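Number of protein chains: 2
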Amino acid sequence: MLRRTIFLIAMLVWPVMATAQTNEISADPDRMEQRIKALSAYGADASGATSRVAFSEADLAGRKYIMGLMREAGLNVRVDTAGNIIGRREGSDESLSPIMFGSHIDSVPGGGNYDGDVGVIGAIEVAQLLHERGIDTRHPLEIVSFTDEEGGLTGSRAMIGKLTDSALEVMTHSGLTVREGIFAVGGDPNRLELAVRKPGSIAAFVELHIEQGGILDEENINIGIVEGIVGIRWWDVTIDGFANHAGTTPMNKRWDAMVTAAELTLAINRIATELPGRQVATVGKIRALPGAPNVIPGEVVLSLEVRDLDAQKMQQVFELIKAEADRIGDARFTPIRFAEIDVASPPAPTDLQMRRIISTAADDLGLSSRLMPSGAGHDAQDMTHIAPTGMIFVPSVKGISHSPKEFTTALDMANGASVLLKTVLAIDGGALE
Amino acid sequence: MLRRTIFLIAMLVWPVMATAQTNEISADPDRMEQRIKALSAYGADASGATSRVAFSEADLAGRKYIMGLMREAGLNVRVDTAGNIIGRREGSDESLSPIMFGSHIDSVPGGGNYDGDVGVIGAIEVAQLLHERGIDTRHPLEIVSFTDEEGGLTGSRAMIGKLTDSALEVMTHSGLTVREGIFAVGGDPNRLELAVRKPGSIAAFVELHIEQGGILDEENINIGIVEGIVGIRWWDVTIDGFANHAGTTPMNKRWDAMVTAAELTLAINRIATELPGRQVATVGKIRALPGAPNVIPGEVVLSLEVRDLDAQKMQQVFELIKAEADRIGDARFTPIRFAEIDVASPPAPTDLQMRRIISTAADDLGLSSRLMPSGAGHDAQDMTHIAPTGMIFVPSVKGISHSPKEFTTALDMANGASVLLKTVLAIDGGALE
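Residue numbers (my numbering), protein chains in the order written: chain D, 184 to 616; chain A, 184 to 616.
Only chain D is shown next, with the shape it has when bound in the complex:
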């Protein structure tokens, strides 16, 4: 009777107690590492790489493992019509919308074991800690493992109602189209509207992820607070020269598209490097035509990618490159043309309050942190359209990702999960209100 009374009193002062209690709760590095290792078995190949591409047999087996862990953490597991795995834990206040957190477990072909996985295992760790300690929250919690992130943010795109019909027909590395793949994992691509969450229907979204650059590792900082996911713009750049015999055409009588492409590539690199800021610009692909050692290239086509957190800055970088290209093209009598490719994604800034909440969580846990952009795309960028969104980065050794060599220490993973736990509880405690 006395214990029951104490319990009731405890429930009344719950929000305060929860905060107090979590000062003592932190994620278990050993458990997280053991689970990362167990998950890595699904899709491991002889070379040491993990190829758990979305919709493959390995992905199906990995998803089954994750759903088991979710159930172990006391979650009610379902698969939405987009194939997203959602483990739900009810809250004490039925009027409140859920706090959602998670990431993805599919990999690129020949990838590693941390990209995405840390965020899912970390989210389950949070649920499991709450479950083990018997801590209830006011908000429902939804732990999510998104479908086919590497193939184009398929699951989160469906969740915000922006997965197009044409995206469903794209062939994936699994040998299935996205449509077929969604069926294969238990979704229903003909009823995607059931997977859509309306703006305001989710109280907050948080994604824990490895930093795919090497900044945290190099600066020896525990936690990255993501300011947003950078925007991306792509161009096909064509240089028109004049193809001619490489033996008979004197050096001063050439309109060599390759030499112009070389000068342009150096200019792109110089402009992106010298301009203050964190913008990047890359020439990743190049082709010289006709492409024979004994023919002066008459045409070169190369790719230009520009990324930044600020759309205006991206435009500024492009305009500087364009102006320099015009100058180089004129000087060498080899015109340079830019054709933008329709794959642009705008910058997706995270919520300012969410950044503050994550920063406070890290401080309270005695962890160092810094603000930083995410140069890579994440499901979180979709979620910014429907919910206040935050992102927590943990170090990845040397910044390696999409590679069997990617590695994050057990302690760093646990630090991330502990910050995630504190962030979720702070939101639940009203920090966003």
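If you're looking for bench data, these hints aren't it; they were derived computationally from the structure. As the structure is a computational prediction, the values presented were derived from the model and not from experiment. Just to be clear, a hint being listed does not mean it is correct.
[What the hints assert, rightly or not] Chain D stretches covered by chain A per the calculated footprint, using a threshold of three residues with CB under 8 angstroms from any CB of chain A: (1) 408–421; (2) 430–440; (3) 469–478; (4) 483–495; (5) 548–562.
[Stated by the list, open to error] Example chain A residues on the side facing chain D (calculated, C-beta under 7 angstroms, incomplete): (6) Thr264; (7) Gly430; (8) Leu449; (9) Ala455; (10) Val484; (11) Ser486; (12) Gly613.
[Unchecked claim] Covered stretches of chain A (chain D as the covering partner; in silico rule of three or more C-beta atoms under 8 angstroms from a C-beta of chain D): (13) 248–260; (14) 286–299; (15) 432–444; (16) 587–601.
We treat Cβ as the ideally placed atom computed from N, Cα and C, and that holds for glycine.
With chain D held as given, fit chain A onto it using these hints.
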């Protein structure tokens, strides 16, 4: 009887008379142009290009046409075991070895009507003029149309005994291997030794050809006296960078193989341009790996070709490029490796006396001329190994070649044939002795 006596006297003073007579003999521009046009029908396609690739039906038809012209010019026509067409005219002195002249009639795919053709039609014009005027020579004359020049100097290579077994197995644009092609045109690849001419067995070789650069056209000069066919060296150049995520890797943390390749390409162009001389260096082919717009290239492979008439100069150009590559590679932490490809052909200088004879012939005809290297390869380069060799260039408008747009005027063709005639008669008259 009187006429017969005059004829006998004429024969005795022949060399003097021949020289005197040829001052009045010149090639017929209209006939040459008409024949070039007739030949162009074999292999003409709808786009206006000529694809008379060696061993094709068009080549077989073109060869038949050429053999007909040779017979019309009083030549005895045979096909040697390498498939070379040889039209022979006996000389008055059986102790003398033949003077050989000619070129080829096969084309590149999508080529034009002058490369090679002008040299064969011009050689037949010389034979026809001698035939029509009843002019005999001391030396036998052999007018040659070489087999498969564009595929790798097949016919002339066989003639100097250097056509390898592996070259016979190469697949050609005709769909036949070189071996099958030689059979198809009436040769016998199993008895190539019968096509071989020993050093000293040919008194001289002369090739008339269009200049494949634009120098004669631009400088408005009638005749190019070829100093030699430039040597060629090829390298595969590999730049080792570090492939990484183009979004997450800051500009100052990249080992971008593409940026290094760009700096190297500019350096190659600058070195070849600024060094005094006529050397050329070309990057005609480039590949960035993995080759995605959103991945910093971890490796770039590009082709380097260097050509010059002087082997030492070629080596000097390479060493300057190599030193600059070492500097650039070190500065950017992206090593640059050079692997030479085994396709090198050494420079093939023409005979000094032959140059003088051609120069005199042009002067006597009132034609302007200049010395120049041939940047392109020709059958003449093989012939330098077995005979005193000379080459006569005529202008090609804008220097275009290997293109439907290549064009040489009827007058320029006739000038070339007239110089060829005077050159052959001068050699026959003892100018080389």
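Hint-by-hint comparison with the structure:
Closer than 8 angstroms: that is the beta-carbon criterion, and the region 408–421 of chain D has 3 residues meeting it against chain A, so the requirement of 3 holds. Here's how the region 430–440 of chain D fares: 8 of its residues keep a CB closer than 8 angstroms to some CB of chain A, so the rule of at least three is met and the hint holds. Coverage of the region 469–478 of chain D by chain A holds in this model, with 8 residues showing a Cβ closer than 8 angstroms to a Cβ of that chain against a need of three. Counting residues of the region 483–495 of chain D whose beta-carbon sits less than 8 angstroms from any beta-carbon of chain A gives 4, enough to reach three: the coverage restraint holds.
By the rule of at least three residues with a Cβ nearer than 8 angstroms to a Cβ of chain A, the coverage given for the region 548–562 of chain D holds, with 4 such residues. Residue-level restraint check for Thr264 of chain A is violated (minimum Cβ-Cβ distance to chain D is 30 angstroms; threshold 7 angstroms). Interface restraint check for Gly430 of chain A: the shortest CB-CB distance to chain D comes to about 3 angstroms, inside 7 angstroms, so the restraint holds. Hint status for Leu449 of chain A: holds, given a least beta-carbon distance of 5 angstroms to chain D, under 7 angstroms.
Interface hint status for Ala455 of chain A: upheld, as the beta-carbon distance to the closest one in chain D is roughly 5 angstroms, under 7 angstroms. The criterion of a C-beta within 7 angstroms of any C-beta in chain D is not met by Val484 of chain A, whose closest approach is roughly 11 angstroms, and the hint is violated. For Ser486 of chain A, the interface hint holds, the least distance from its beta-carbon to any beta-carbon of chain D being 4 angstroms, beneath 7 angstroms. Below 7 angstroms, beta-carbon pairs count as interface contacts, and Gly613 of chain A has none with chain D, the closest being about 34 angstroms; its hint is therefore violated.
Coverage of a stretch by a chain is defined here by at least three residues with a beta carbon nearer than 8 angstroms to that chain's beta carbons; for the region 248–260 of chain A and chain D the count is 0, and the condition is violated. For the region 286–299 of chain A, the stated coverage by chain D is not satisfied: 0 residues place a CB nearer than 8 angstroms to a CB of that chain, which falls below the threshold of 3. Coverage of the region 432–444 of chain A by chain D holds in this model, with 9 residues showing a Cβ closer than 8 angstroms to a Cβ of that chain against a need of three. A stretch counts as covered by a chain when three or more of its residues have a beta carbon under 8 angstroms from one of that chain; for the region 587–601 of chain A and chain D the count is 0, and the coverage is violated.
When the structure is compared with the earlier hints, violations turn up for hints 6, 10, 12, 13, 14, 16 and for no others.
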